[in-house]
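Visitor: What follows is each chain in one-letter form.
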Amino acid sequence: MKRRTLLGGTIAAAVFGLTSAAIAQQPIKIGMSMAQTGGLAGGGKASLLGIEVWRDDVNARGGLLGRKVELVVYDDKSSASETPAIYSKLLDVDKVDILFAPYATVPPAPLMPLVKQRGMLLIGNFSFQVNSKVGHDMWFNNAPWGPADSWASSFLDLGQKAGGKTIALLAADQEFAQNLAKTAREVATKLGMQVVFDQAYPPSTVEFSGILRALKAAKPDIVYVASYPPDSAGILRAVNEIGIGDNVKLFGGGMVGLQFGAVMENLGSLLNGVVNYNTWLPEEKMYNEGTKAFFETYTKRAVEAKVDPLGYYLAPYGYASGQMIEQAIKAVGSLDQKALAKYLRENTHKTIVGPITFAADGEWKESGVVQAQFRGIKDKNIEQFRSSGKQVILFPAKLKSGDLITPFEAARK
Amino acid sequence: MFSFELLLDAVVIGVLLGCFYAAVSLGLSISFGLLDVPHVAHPAFLVLASYAVYFLNEHYGVDPLLAGLLITPLFFLFGLVAYRLYYETFEKRGSDAGVRGIAFFFGIAFIIEVLIILLFGVDQRSVTADYVGKAWRLGDMRIPFRLVVAFVVAAALTILLTLYLSRTFMGRAIRAVAQDQEALRLMGANPIRIKQWAFGIATAVLGIAGALLIIVAPVEPTLDRTYIGRTFCVVVMAGLGSMSGTLVAAIILGVAEAIVLTLFGASWAPAISFAMLLGVLAVRPQGLFGRRS
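Respectively, the protein sequence lines represent chains D and H. Residue numbers for the first sequence follow the working numbering, beginning at 1 and rising by one. Residue numbers for the second sequence follow the working numbering, beginning at 1001 and rising by one.
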C-alpha cells in the first residue's frame, strides 16, 4: 500500500470515526408545538409534562439508539394560525427527527397537508378526526377515541338503556364539538331517537341560563353536551340554578374541562350525576404496568410546574406517545419515517394506558373512551378525585365499576 | 319554538346580563368615552382585578364583593401610574394618534395576560360565596343570584359615577377636559392631572367590576379577549362618555342577546352586538345618548 493511500485512509477513518461519534452524541430531537398559553393551555401543559416525564425516563435508561432524547417545544398559544410556521421551523431550522402534533383538534388541523407533503410521521395528541379528510398514512393518534361514532354511541346507548327516546344536543360552535354533535345526530338516527333540540352556541357565550331554559322547554330524555372548559363550567352552574327538568335521564357526554383538576375542584358538588367521557380514571381496572409509577412522578412535578395536579386526562397519554415511538425506534433500529410508521401500523404497543393498536386511519382500532358518572362529590376538595368511586365507570363493559343512577335530578342529590 | 314564558324569561335575564355588561363597561366609558384614550387593555385590567379578588377569596376567605372594594384603591393607583406612563411615552410626544396608542395598550394587555399566567397558572379560577350557584324562585322563573348581584352593583355604580361627574368639582373638571382640553389649559388648570385622576377613577371602577366578572362566571387569563368587542360596543353605542347611556345601551344589548340566545339560536348571538352598533351608528352617529358635536 502506498504511503499516500495509507495516510488518506487514516484521515478518512479518523474523520468518519469523528463524524459517527459526533452523530452518536447528537440527541434525537422530537419537535412539537404545545398550547402553553390561551384557552387550551390547561391541557397542553399537562400533556407536555407527561411527555417530559417519558423523556427523562428514556434518557435515564440510556436514550434511544445510544443517543439522548431532546424535546424542541414552542408555544402555539392555542391558535391554529401559529402552528404551520412553527412546524416549518421545526423541520427546516431545528431539523427535528420526529414530530409530535400539538394538543387538541384545531391547532393541528392546518398542519396535516404540510406533514403529509414532507412524508413525516406524526404522533397525534388528542385531536378528533383531523386526519379523516387528509388521509395521511403516517398519522397515529395517541387519544383513545377509536372509530368516529363510538364516542356518541357509548353515551346514547346508556341513555337508551335508561329508557331515553328523545335527545337534546348542545354543542360549542368549534371544530371538535361540532364533530361530536355530527356523530351524535347520526347515531341518534340509527338508534331511532328523536332530536328535539339541536343548538350550537358561540365560544364567547357568557351566560347559559337562556339556552338552558329553551332546552328544558323541549323536555328531552337525554341531553348530550359537547362543550369546552369555560362553557362546561357555565353550563353546569346554570343547570344547578335553573334546573333541567325531571324527565332528563342522562346529562353530559362530551364536556371538555370536567377532566381537569382545577375545573373539577371549582365545580365540586355541581358535578354530581353528570355522565361524561374520560380517558383515564383511578379505578382499579385502569392501572397497567408503569401507570402507578408514572403518576407518582407526575404528581410531584405538577406542583412545581403549576400544572393540573391530577393530570388523568392527558398526561399518561403524552407518556404513552413517547413509549410508542420508543418501541418503534428500538424495533426498527433507525429514524426512517416510513419504517417507523410501518411498525406503528402493524404492531400492538404496550403503554401505561394499556395496549394500543391502530386502524388504517391512524386512530385506535378499538375505542378506549370511558363514560363515567360523578358521585358523592363535595365542594372544594381536589384530593377526593384521587380515590376510586368518585367517577364510576359505566362504559365500556370490560372496565365497568358500577351502574347508572337515573334520572339526572335524582343522581345529583 | 316560541312561548311568552320563554320570552319573559329572556327579557328578565337580558336586563340582568345587560347590567353586568354595563358594570364592566363603565370604566371604559370614562377612559375611552370621556378621555379619548384608546384603552384596549381595559378588559385585561378587568381580568387582573378578578384574579386579585380570587386571591383574596381563596387565601383569606374574603367575600368577593368586599374583596372588589378592597382592591379599588390599589387599582386607582395603578390607573394613575398607567396613564402617566402612557402620557409620558405617547400622548406628550403627540404619537398617541391612530394605531400607536392602541399598540401601547395591546402591549400592556399581553403583559398582564402573561403576568397572570406566571402567577396563577393557566387554569380557570372561580370564587365561593353564598350567592354563587343559587337561584331566586319567582313563579316558574328562576333567577340566578349572581346576576341579581351584578344588577344591583351596576345600578349603584352608574348612579355614583353620574353623581360624581355632575355634582363634584373634580367630576365637572373631568367633563370639561373631555369637551375642550385647551380651554381648560387657558384657564390655568392642568388638564393632564385631571385626565390622570379620571383614568385612576376609570381603573378603580374595575376593582368592583372584576369582582362581578368572577362572580358571574369562572375566569381564565385570556378572558379579556372575549370582552374587548362587547365593552367597546356598549360604550360607542351609548354615546361616548354617558354613564346612564352606558347602562341603557348595555341593557338593550343584554336583552337582545338573551332573546336571540333563547328563541332564535345561539349562533346568532355574537353578531347581535355589532349589528346593533352598526344600526345605531347609521341612524345616530353620536350614539344613543351622545350629544351632537
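Careful: at least some of the hints might be erroneous.
What the hints assert, rightly or not - Reference listing, derived: stretches of chain D covered by chain H, where coverage requires no fewer than 3 residues with Cβ under 8 Å from a Cβ of chain H:
id : segment
1  : 31-41
2  : 181-190
3  : 198-205
4  : 208-222
5  : 303-313
6  : 317-330
Bear in mind the hints are in silico, worked out from the structure with no lab data behind them. A virtual CB, placed ideally from N, CA and C, is assigned to each residue, including glycine.
Visitor: Checked against the structure, which of the hints given earlier come out wrong?
Guide: 2 and 6
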